[in-house]
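Participant: Sequence:
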Amino acid sequence: MIPELGHFALALALITALYQFAVPLYGFRVNDRALMATAAPASLVQLALIALAFAALMWSYIISDFSVENVYQNSHSAKPMLYKISGVWGNHEGSMVLWVLILALFGASVGLMGRNLPDGLRALVLSVQGSISVAFLMFLIFTSNPFVRLPETPIEGNGLNPLLQDPALAFHPPFLYAGYVGLSVSFAFAVAALIEGRVDAAWARWVRPWTLAAWMSLTLGIAMGSWWAYYELGWGGWWFWDPVENASLMPWLAATALLHSAIVVEKRNALKIWTIFLAILAFSLSLVGTFLVRSGVLTSVHAFAVDPERGVFILLILCVFIGGSFALYAWRAASLQAGGLFAPISREGALVVNNLLLSAATAAVFIGTLYPLLLESINGEKISVGPPYFNLTFGPLMLPLLLLVPVGPLLSWKRAELWPVAQRLWWAAVVAVAVAAGFLMIYQRGPWLAPVLLAVGVWIIAGALADLASRAQVGRVPVAVAWARLSGLPRAAFGGALAHAGVGVLMIGIVGVSFWKDEKVLSMNPGDTFTVGGVDVKFLGERPLFGPNFTGVKGEFEVSRNGEPLGVVRSEKREFLPSRQPTTEVGLLHRPTGDVYVVMGDTNASGQRTVRGYFHPLVSLLWIGSAMMFFGGALSLTDRRFRVGAPRPARAAAMAGAGP
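Reminder that position 415 of the sequence shown reads as 412 in my numbering, one-by-one numbering, no gaps.
Worth double-checking, as some hints may not be accurate.
[As the list claims (entries may be wrong)] In silico lysine to any residue, SDA-like type, Cα no more than 20 Å apart, as pairs:
1) Lys514 <-> Leu537
2) Lys514 <-> Gly320
3) Lys535 <-> Thr607
[To be verified] If you anchor each label on the Cβ, the simulated ranges turn out as follows:
4) Val309 <-> Ala8: 20 to 26 Å
5) Leu389 <-> Phe543: 46 to 52 Å
6) Arg638 <-> Gln441: 47 to 53 Å
7) Tyr440 <-> Lys517: 16 to 22 Å
8) Ala360 <-> Ser576: 39 to 45 Å
9) Ile59 <-> Arg638: 40 to 46 Å
10) Thr607 <-> Ile59: 37 to 43 Å
11) Glu1 <-> Pro369: 40 to 46 Å
12) Ala360 <-> Ser381: 15 to 21 Å
13) Phe323 <-> Lys517: 47 to 53 Å
14) Ala8 <-> Arg30: 25 to 31 Å
15) Phe323 <-> Ala198: 23 to 29 Å
Just so you know, the hints here were simulated from the structure itself, not pulled from any lab data. For every residue, glycine included, the Cβ atom is placed at its ideal position computed from N, Cα and C.
Please put together the full structure from these sequences, using the hints given.
Facilitator: Encoded structure:
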């Protein structure tokens, strides 16, 4: 009964989404405020119905209702409760329910928080959101129904993919989907602006919080996926330029450009047409990522390889929304009023360079990801585009952007001079050069590029501090005054500085783990020792392992330095029930200078255990920097200036009339 209720709720949600799409749009066309006002209640009803369907599916997983085919294929009664719950979105059908739930949540949030939006703009935004819901609800109901019953109820289920039975993978998809779907709000605002033919500072003020929320979610989702790949897959890396990894990176890059471009629209009423383009592009890349993951054209540890019928349906969705929105852009963009002028050397100019470099980097990733698929579809030839291509294209585009990060915030709007900026950043440059010189003295035989790139990370961090010091006029006014000015800065200033510093910390982590990694692969007996990264790792032995839905062996390794014990790490070889699929659990010892990383492999013919040991210098900075970026965005989002919209004129007039 519960699955049927969930299916019925999805059908009602589709009807509600059709209403949300059509009626407010018609109300806008005939200028009927009553019809336009129905958009917000419709978005709330749609959210409630999809939440009911999601709850019904989750309940089926919790009670292990194997009469539901989706539960039978992706769950097992012996699974821990966390993975029964996360198993809801650990498959194609369930993840699409989560997708439309988050989409409805964003739409309802616009309906609730957008009360200060102009009636027409609010109706158009929610109408576009409704159209997206219609497309994905139809896809879900007609090709990916999660509530299909089996003719006979099996005694036990097949279980979830063991690689997905991990805490990071329990939370990675929801955050990633929130990023993908959150960009639909920016997309809806862009389409609404094209229909209305108006983009102004208020429009940018309304768009930025939604874009920032999506960017934060994408940042955290990508970081959690990278962390999962690092410690769960056992290959010793954190990023492989896998096509599905790239599918999340591309909208993140476009959203980063959109965030910075919207600042120019808000502050200077410029770059309006370009900002509209970026808003459409960012969500379009999210849809492309959806197609890559769910169409069956990719084989990846992340991908849901499904039947071609679903791929064709998603391709139709892409054609409608990407093709339709860009056609509307081509038709209506010229009608938008051009913005203000600015000199090449200005904050606007720096943000334009920022956008051009981010866009070029997005194009490089897009080509590297899609070219092999296009070539295979044309002549059947299979090629692989891997790290060498991306290192030679993406890296050189990012380096000038990173060098520019501390400079941009210190430039004046409209027209600026470089000498005053250099005066404020000289100490940051000195610190960065000193760091590079110090590491060149230590590593006299190379790698030569590592100290230079390390200095870039330090330059970004010091530049973020210099930005705050400049705003507070440190060194130019008394300390008490500078402290008062610093305390009075808006939260967005601190948030931006924290996010930029996070980029620098991330950069240092990438340099450390890329250039100074140490690796050993050998066969070991209990009692054998090897040295990696200046520490000794001794194989203590192994013992049987029994879990709630797996068996295996656990190996223990003592880590010491100069005879002083640093800790014991444990690596496991697991075999999950009922699939008998093996997995490897990595042994990790986190140290301030880096991670000792031990992976226990199979036994060889002589009974020795194959062991891989790594030392990853500064690798923790990858996720510390990502967390700083996320919390920098969260801090900015709490700034009172990021409230959605502005008071309605009538309300503002009433408040003024009530004053003394």
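Participant: Would you mind marking each hint as holding or not holding in the structure?
Facilitator: Evaluated hints:
no.	hint	verdict
1	Lys514 <-> Leu537	violated, 24 Å
2	Lys514 <-> Gly320	violated, 45 Å
3	Lys535 <-> Thr607	holds, 13 Å
4	Val309 <-> Ala8: 20 to 26 Å	holds, 22 Å
5	Leu389 <-> Phe543: 46 to 52 Å	holds, 48 Å
6	Arg638 <-> Gln441: 47 to 53 Å	holds, 50 Å
7	Tyr440 <-> Lys517: 16 to 22 Å	holds, 20 Å
8	Ala360 <-> Ser576: 39 to 45 Å	holds, 40 Å
9	Ile59 <-> Arg638: 40 to 46 Å	holds, 43 Å
10	Thr607 <-> Ile59: 37 to 43 Å	holds, 40 Å
11	Glu1 <-> Pro369: 40 to 46 Å	holds, 43 Å
12	Ala360 <-> Ser381: 15 to 21 Å	holds, 20 Å
13	Phe323 <-> Lys517: 47 to 53 Å	holds, 52 Å
14	Ala8 <-> Arg30: 25 to 31 Å	holds, 30 Å
15	Phe323 <-> Ala198: 23 to 29 Å	holds, 25 Å
Violated hints, in rising order: 1, 2; the structure is consistent with all others.
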